[in-house]
Amino acid sequence: MAESNYENPAPTIEGCIRKESKAQEALYKAYFGYALSVALLYSNSRDEAVETVDDSFMKVFSEIARFNPAQSFKGWLRKIVINTAIDRIRRNSRNRLLQEELPDWVPSDTPSAESSLSAGEIAAMLGNLPHIHKTVFCLFDIEGYSHEEISKKLKIPESTSRVYLTRARKRMRELYEFNFNHKPVRL
Amino acid sequence: MKDKRDIGEIIKSSLAEQEEGYVEGSWERFNLKQRRKRLLLIRKISAGVAAAVVLALVVTGLFLTPAQKPLPLTAQNDQTLQESDRVAVVSKTKLKASGEHSDVKKLIAKSEISEVKKSVQKSEIAGVTENIESKETIKESERESVAQKLTIVKEQIDSSLATTPLTTAEETQKQVPATISSRTAFALIENERHDRKVRFGINVAPGMSSATDGSALNIGGGVNLDIALAKNLDISTGVQIEYRDIETAAGIGTGMSAVQQTSYNMTNLDIPLNITWKFKNSRTESYYVSGGFSSLAYLGENYSTTSYSQVLQSSLVYGTSGEENTVYKLVDVRTTTFERSEPFSSFDVAGRLNLMVGYSKSISPKLNLHLEPYLKIPLSGMGSKNMRFTTSGITCKISFR
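Protein chains in written order, with this note's numbering: chain A, 1 to 187; chain B, 1 to 401.
Think of the hints as simulated: they come from the structure by calculation, not from any bench.
This structure is a prediction, so every number in the text was calculated from the model and none was measured.
Take these hints with a grain of salt, some might be off.
[As the list claims (entries may be wrong)] Just a few of them, taken from the derived set where beta-carbon distance is under 7 Å, the chain A residues facing chain B:
(1) K29
(2) Y34
(3) A70
(4) I122
(5) I142
(6) E158
(7) T160
(8) V163
(9) K170
(10) E174
(11) F178
[What the hints assert, rightly or not] Quick list of in silico lysine to aspartate or glutamate cross-link-like pairs, DMTMM-like style, CA-CA up to 20 Å:
(12) K33(B) x D55(A)
(13) K74(A) x E14(A)
(14) K74(A) x E247(B)
(15) K33(B) x E14(A)
(16) K33(B) x E177(A)
(17) K29(A) x E342(B)
(18) K231(B) x D87(A)
(19) K74(A) x E17(B)
(20) K33(B) x D87(A)
(21) K37(B) x E51(A)
(22) K74(A) x E63(A)
(23) K37(B) x D55(A)
(24) K29(A) x E9(B)
(25) K29(A) x E28(B)
(26) K37(B) x D47(A)
(27) K33(B) x E48(A)
(28) K385(B) x E247(B)
(29) K22(A) x E28(B)
(30) K37(B) x E177(A)
(31) K59(A) x D332(B)
(32) K12(B) x E177(A)
(33) K22(A) x E63(A)
(34) K19(A) x E247(B)
(35) K19(A) x D47(A)
(36) K79(A) x E20(B)
(37) K155(A) x E177(A)
(38) K37(B) x E14(A)
Ideal placement from N, C-alpha and C gives every residue a C-beta, glycine not left out.
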């Protein structure tokens, strides 16, 4: 059932608009994994990512009447998850956003020699970036946001966004080389 | 790693291929979270409605008291008697239709008994008995059947009343959700514990006292105590000391230039009892409205009244030839009187109405800073001279727990 909803979510969405519990359950179960994989990019831990997913689905169920069926539901959900994650980051900004110290390097379990990375390896690499660097990196390089948009979302100057991106990329390259080419990394 | 975007593209393409799976139990947890959120919303709305009702009652009580005087005691008695008569007449009508004891039993169906049980108290039944006995139109035989019927009604009501608490208890037990999880119960206990929190605080409140014919600055400060009744509803009390020095000037109506200046300084204790409703409440800041009454005790009252008046003064003037002439002239006279009251010579219970809005900001986990613009309206004359002045200003408060 979950798979069929994934392919064609329109009937499920209509059920969600009518506040049908079964339709909500189906939609939640169908898109939970996708939402979690997006949320993990912007979260420090899996628990935090799951919280973000739950908050996102609450928004989805309350605002689903505004969803335009002509658009992709996945795209709409992705935007909601990212915005929810950014809201969470901003809320915790006092404690976390301004911390720029690099965390201790934790290598992934088994570095592979393939060009494609596993989710665990990506999470391990991103986990070695300061949270704000990781957020800027993901928003720019993965989601395709501009620095202007990032600065508005995170309420930081554009120049700061550029600096964070440069540092994040540098760090990611170092980590990637360390993982796949076994080159020494200066920590 | 040819260009800067390489790493981003690798991650993007890797993520596109992979996706997390559904974690069993996530939907159930999400459902529970949704329910809690709804419960929280209901509590917030209930607290808001309760605060609004309390404020509305306070305002209605203040402004509509003279128009809504309670009915005189005799009128109430009459009304009660009429009610009793009505019940008695109903009973009589039913009794007239029935002749025998068995018929009475048939007549009084269970539904009727339950209706009577709801509306008629035991005392009223006694009243009905008296009324029935006093009615001259009831025949002797009917009286007996009436008494029998009432005995039956009493017995049935007594048995119904005796069984009612048991039924209610049973229903209550049934209503307790058997499926309530220990987690939810723990959350509820946690919420309850949170609600019991008490905050102490110190405050300083500069402001302005305004009488009809003068105004001056006043200063106050003291300690306060906020007790949480619900998540968004607090009861606030404390003790505040206030000092004010006011000078007023007014014509006293005895002459064109006759005026009176009154200067008084007053030190009093203000003991407020307010209800505070937080209409926007978050962990770091909250906005609230508060209303209630203050009782006042007076530590010191000094009154100085200066009256200026003109009096016609006569004087004897001797002319050049020695004759006496009386000359009148208008003389300005100033009279000053001083009065002083002993400490605690007067005490006004609920002498002032307090209205305030407030903003609270958390400056550390245990410290909150509050800013509360306030308005204190006198409900009765204040002090031994029954002075009336409205006080307004801003209270700066630091509260801690």
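Hints, verified against the model:
1. For K29(A), the interface hint holds, the least distance from its beta-carbon to any beta-carbon of chain B being 5 Å, beneath 7 Å.
2. About 6 Å separates the beta-carbon of Y34(A) from the nearest beta-carbon of chain B, less than 7 Å, and the hint is met.
3. For A70(A), the shortest C-beta to C-beta distance to chain B is roughly 23 Å, which exceeds 7 Å, and the interface hint is violated.
4. A distance limit of 7 Å between C-beta atoms decides the matter here; for I122(A) the minimum to chain B is near 6 Å, and the interface restraint holds.
5. Proximity of I142(A) to chain B holds as hinted, the smallest CB-CB distance being about 5 Å (cut-off 7 Å).
6. For E158(A), the interface hint is violated, since its Cβ never comes within 7 Å of a Cβ in chain B; the closest pair sits about 17 Å apart.
7. Below 7 Å, beta-carbon pairs count as interface contacts, and T160(A) has none with chain B, the closest being about 18 Å; its hint is therefore violated.
8. Interface hint status for V163(A): violated, as the beta-carbon distance to the closest one in chain B is roughly 14 Å, over 7 Å.
9. With its C-beta approaching chain B no nearer than about 9 Å, K170(A) sits outside the 7 Å limit, and its interface hint is violated.
10. Proximity of E174(A) to chain B is violated relative to the hint, the smallest CB-CB distance being about 10 Å (cut-off 7 Å).
11. With a cut of 7 Å, the hint placing F178(A) at the interface with chain B is violated, because the nearest CB-to-CB distance is about 12 Å.
12. Our distance criterion of 20 Å between C-alpha atoms is met by K33(B) and D55(A), whose separation comes to about 10 Å.
13. Proximity of K74(A) to E14(A) is assessed by CA-CA distance (about 16 Å); at most 20 Å being required, the pair is judged to hold.
14. Of the pairs offered as hints, the one joining K74(A) and E247(B) is violated, with about 73 Å between alpha carbons and a cut-off of 20 Å exceeded.
15. Under the criterion of a C-alpha separation no larger than 20 Å, the hint pairing K33(B) with E14(A) is inconsistent with the structure, at around 23 Å.
16. Note on K33(B) and E177(A): the hinted pairing is violated, with a Cα-Cα distance of about 43 Å set against a maximum of 20 Å.
17. The straight-line distance between the Cα atoms of K29(A) and E342(B) is roughly 77 Å, outside the 20 Å bound, and the hint therefore fails.
18. A C-alpha spacing of about 24 Å is found between K231(B) and D87(A), which places the hinted pair above 20 Å, so the restraint is violated.
19. The straight-line distance between the Cα atoms of K74(A) and E17(B) is roughly 15 Å, inside the 20 Å bound, and the hint therefore holds.
20. Among the hinted pairs, K33(B) with D87(A) is consistent with the structure: their alpha-carbon atoms are about 19 Å apart, no more than 20 Å.
21. Annotation: proposed proximity of K37(B) to E51(A) holds, straight-line Cα distance about 14 Å (limit 20 Å).
22. At most 20 Å may separate the alpha-carbon atoms for a hinted pair to count; K74(A) and E63(A) meet this at roughly 15 Å.
23. With a CA separation close to 11 Å, the supplied pair K37(B) and D55(A) stays within the 20 Å bound.
24. In summary, the hint linking K29(A) to E9(B) is not supported, as the alpha carbons are separated by about 29 Å, beyond the 20 Å threshold.
25. Taking the CA atoms of K29(A) and E28(B), the gap is near 11 Å; set against the 20 Å cutoff, the hint holds.
26. Simply put, K37(B) and D47(A) have alpha-carbon atoms about 19 Å apart, close enough for the 20 Å limit, and the pair holds.
27. For a cut-off of 20 Å, the pair hint linking K33(B) to E48(A) stands: about 15 Å separates their Cα positions.
28. Simply put, K385(B) and E247(B) have alpha-carbon atoms about 14 Å apart, close enough for the 20 Å limit, and the pair holds.
29. Proximity of K22(A) to E28(B) is assessed by CA-CA distance (about 12 Å); at most 20 Å being required, the pair is judged to hold.
30. A distance of roughly 46 Å separates the Cα atoms of K37(B) and E177(A); the hinted pair therefore is violated under the 20 Å criterion.
31. Straight-line distance between C-alpha atoms of K59(A) and D332(B) comes to about 80 Å, which puts the hinted pair past the 20 Å bound.
32. Using a Cα cut-off of 20 Å, the hinted pair K12(B) and E177(A) holds, with the two alpha carbons roughly 17 Å apart.
33. In summary, the hint linking K22(A) to E63(A) is supported, as the alpha carbons are separated by about 17 Å, within the 20 Å threshold.
34. Between the alpha carbons of K19(A) and E247(B) the distance comes to roughly 67 Å, so the proposed pair goes past 20 Å and is violated.
35. Restraint check for K19(A) and D47(A): not satisfied, since their Cα atoms lie roughly 27 Å apart, outside the 20 Å limit.
36. Distance hint between K79(A) and E20(B) is fulfilled; the C-alpha atoms sit about 18 Å from each other, no more than 20 Å.
37. Of the supplied pair hints, the one linking K155(A) and E177(A) is violated, its CA atoms being roughly 32 Å apart against a limit of 20 Å.
38. As the CA atoms of K37(B) and E14(A) are separated by approximately 24 Å, the hinted pair breaks the 20 Å bound.
Checked against the numbered hints given earlier, the structure breaks hints 3, 6, 7, 8, 9, 10, 11, 14, 15, 16, 17, 18, 24, 30, 31, 34, 35, 37 and 38 and satisfies all the rest.
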